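Chemist: So you can see what is in the structure, the chains are spelled out below.
There are 6 protein chains.
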Amino acid sequence: MIANSDNTSSAAAPQPRIALFPGSFDPFTRGHASIVERALQLFDHVVIAIGYNAAKISHDDISRREATIRSVYHDRRERVSVISYSGLTADAARDSGACAIVRGIRSVKDFEYERDMADINRQLSGLETVLLFSLPELAAVSSSLVRELKALGTDISHFLP
Amino acid sequence: MIANSDNTSSAAAPQPRIALFPGSFDPFTRGHASIVERALQLFDHVVIAIGYNAAKISHDDISRREATIRSVYHDRRERVSVISYSGLTADAARDSGACAIVRGIRSVKDFEYERDMADINRQLSGLETVLLFSLPELAAVSSSLVRELKALGTDISHFLP
Amino acid sequence: MIANSDNTSSAAAPQPRIALFPGSFDPFTRGHASIVERALQLFDHVVIAIGYNAAKISHDDISRREATIRSVYHDRRERVSVISYSGLTADAARDSGACAIVRGIRSVKDFEYERDMADINRQLSGLETVLLFSLPELAAVSSSLVRELKALGTDISHFLP
Amino acid sequence: MIANSDNTSSAAAPQPRIALFPGSFDPFTRGHASIVERALQLFDHVVIAIGYNAAKISHDDISRREATIRSVYHDRRERVSVISYSGLTADAARDSGACAIVRGIRSVKDFEYERDMADINRQLSGLETVLLFSLPELAAVSSSLVRELKALGTDISHFLP
Amino acid sequence: MIANSDNTSSAAAPQPRIALFPGSFDPFTRGHASIVERALQLFDHVVIAIGYNAAKISHDDISRREATIRSVYHDRRERVSVISYSGLTADAARDSGACAIVRGIRSVKDFEYERDMADINRQLSGLETVLLFSLPELAAVSSSLVRELKALGTDISHFLP
Amino acid sequence: MIANSDNTSSAAAPQPRIALFPGSFDPFTRGHASIVERALQLFDHVVIAIGYNAAKISHDDISRREATIRSVYHDRRERVSVISYSGLTADAARDSGACAIVRGIRSVKDFEYERDMADINRQLSGLETVLLFSLPELAAVSSSLVRELKALGTDISHFLP
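If you read the protein sequences in the order shown, they are chains A, P, W, H, G and D.
Just so we're aligned, residue 1 is where the first sequence starts under my numbering, counting upward by one.
Just so we're aligned, residue 1 is where the second sequence starts under my numbering, counting upward by one.
Just so we're aligned, residue 1 is where the third sequence starts under my numbering, counting upward by one.
Just so we're aligned, residue 1 is where the fourth sequence starts under my numbering, counting upward by one.
Just so we're aligned, residue 1 is where the fifth sequence starts under my numbering, counting upward by one.
Just so we're aligned, residue 1 is where the sixth sequence starts under my numbering, counting upward by one.
This is chain A alone, in the form it adopts within the complex:
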């Protein structure tokens, strides 16, 4: 019998389950949007966290990137928020009250990279990393590829949410 613990006294209302979805999102693609969508089936709230290197990108550029992603989730802003951070992912997760990091994996290369990151994040903060497979039809859509196509003058709207 599965019973959701007898919260008769409502003092201890169950905490919302928050996942941090970190990335550089340069740009935020349909592949990323698909991960957010599916993470919302598993968590109460998803924090999209734009990691950046303060030495390489201006504050304005990051603000714009934040605003762009935020506009995508305007109608669901109660369940999806957007932040940016320049330090450790583990710290961003703790500051957001996240119980897990969520990441999409598209390939073996991703798999090995994420494994190392997950291991280090677990060592540094005890935080769990949850992986979702990218949808097969979106697996080829990486930010770097979209950037490259854009630089060549290709219409990339098909790859964006």
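You may find that some hints are simply not true.
Since the list gives no way to pick one copy over another, a pair counts as held whenever it fits inside one copy or between any two copies.
Okay, derived cross-link-like pairs now, EDC-like style, lysine to aspartate or glutamate, Cα gap no bigger than 20 Å in a straight line [said to hold, decoys possible]: (1) K150 with D26; (2) K56 with E66; (3) K109 with D91; (4) K109 with D26; (5) K56 with D44; (6) K56 with E112; (7) K150 with D116; (8) K56 with E148; (9) K150 with D91; (10) K150 with D61; (11) K56 with D110; (12) K56 with D75.
If you are wondering where the hints come from, they were derived from the structure by calculation, not from laboratory data.
Note that this is a predicted model, so its numbers are computed, not measured.
Got chain A; can you put chains P, W, H, G and D on it based on the hints?
Modeler: Chains P, W, H, G and D in isolation, oriented as in the chain A frame:
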């Protein structure tokens, strides 16, 4: 029997979030126990679901396997239950009220196998598969290896929960 | 400017370019059909070659498998033929007048298997192997998975051509 | 019996089958030459297409690279041509009248990269990508490695055609 | 300064460094022979250790396999010996006085398998596993492939030492 | 200075077996230290060889890096030495009198990179490369990750020997 708690009253009582953890668990190793432990940080309830081929294993053997695993989680039976099934994993998940399938991945080989399974389960039932990396120090511990070591007379208690 | 060599004397009409597509095709899936379709963009003719182990399968079963696949390509029987063989793939290719073996690859596991096979076939017969990536949305569809789903009573028509 | 369709009226002389072999070829190695050689067994004509980033390399450098490769195939210039392009590979393929892109794969890393590229090219232009395995004894020979050896003063002629 | 420790009193002559090379060697291929050859550059002695499942193969068959391999190394029997064992590899290594297990790796699949085995053997016995890459031109030569080719009536002498 | 000891007398004095452990070691991590430790079980002497690009790093920086590593092995300086080199690894190995190159592998990505390097080094110098698996709990610890963590202000002493 897993019943999605009788929320006769409270309009807004959030449903418990249930994950199905399918496998053959022959035997249930420390690697499996680690996945259950970590899934409990993300879900309210984990259903350990022993998949079996009715033509290859007796009802008694499956009952014993169920009982062994159940005893491991006796103290937490409100959050961990054990079932067995001989059909589709997607059906077992639906019957359990699970919102996701959870699986551990240890290697590239696992990664590709799980990707195909996740894709098919998504196609068949819309159900999401969530992956957790096995802990590095447990990555080599597979059921098949433990069975082989046991057949050679090695003490395998170190690999069991 | 690309000019095809001046075949002024037409006695030597160009030979049709034939590819052998070997496999066990148990069953022949939409994934296989996609490879045939795309190979027809590259070759004049595709020979679907059912490899079998004479000790493990009856002549009748192979005949039926041949007939099933043949019926799929009935309207294009001038460009797609179906044979079966129990020996070396390299021999089947030579007997069919094929200039290449064509195979689909879905995963890293396939990649390494095909690499070894291609290397051995090149050593044994000088024959080249040409690879096509499976379409992403079909990458999870393997014959073994389809067989397993069928054994569990699932409707598999969605996975067949 | 395999018969190529009765082309009794010769008005429709079969079009030469052209493959585009894109790369940066910096430098063009024995590994590349081996792919050209084997592609010529499958296609009537191979267009070696040097992709470049106009912002990073001078017109003169590209012209030199073109000339070097062209000299390798001087005796077969009717079947092998060399071009350079700075835009999309898919566009270069269309402009060349190619029915397929051909690429060599040496490793799992290549496999995943090529899979993404092939998928995007199929989405952008419907063009098929055909893969050939590098010969085992040439699998370690990449342009970047050859460049590095050259920078260290090693004689690299052994790695060039 | 590298000095081989001051063995002034020669009672303690340095122990020969022995490596165990375990496998089923069914059959012993040129790929295996290449590993032995190269291991002899690193160790004083190589023990080829045929692992077998006593329930699946007769004592006579194992004796024959031992004899066949032994005959290959007859001229170097002072540095290469052949044993068979049906228990743990770690035990066979200890009984042989080996300071390391040596294995060849041909592929990613091998890599992951060997990693698990090495990890378990280190846990069980503290024994180190040393890996050598198979030579590229021998990477496709596995025992299972050679067995299959033999079953199809192919001359396999090219793949044997 | 590494001198292959002047065995003027003793006809039979076995030569010390020296392994070269090349890398950039920026920084030298616990992962590297673990490889040295385990290589010492197999070889008489390990030469830690810091490869550097003379155009990118100053002589002083390399000297400091050498000194740091040397201090780790001060108590075992008879069996572990530290050098730096800016040319071919194969040349550094020969100059050190090494009979093998030793490297740790952590992942499939490493595996493929090392395979290419080993193949080229074998072609250039006949030198063998010996691989040791990184310990599972250290597999995520790469120099690049440690550098990144340091840049973010994280205490990295846990990752250093």
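Chemist: Now tell me, hint by hint, if it's right for this structure.
Modeler: Consistency of the hints with the structure:
1. K150 with D26: Cα proximity of K150 and D26: one copy only (12 Å, versus 24 Å across).
2. K56 with E66: Only inside one copy: K56 and E66 sit 16 Å apart there, 31 Å across copies, limit 20 Å.
3. K109 with D91: neither (25 Å within a copy, 28 Å between copies)
4. K109 with D26: Classified as within: same-chain Cα gap 19 Å, cross-chain 23 Å, threshold 20 Å.
5. K56 with D44: neither (33 Å within a copy, 42 Å between copies)
6. K56 with E112: Intra 26 Å, inter 29 Å, cutoff 20 Å: neither.
7. K150 with D116: between (30 Å within a copy, 16 Å between copies)
8. K56 with E148: both (19 Å within a copy, 14 Å between copies)
9. K150 with D91: between (33 Å within a copy, 15 Å between copies)
10. K150 with D61: within (17 Å within a copy, 25 Å between copies)
11. K56 with D110: neither (23 Å within a copy, 28 Å between copies)
12. K56 with D75: So K56 and D75 fail the 20 Å test inside a copy (32 Å) and across (43 Å) alike.
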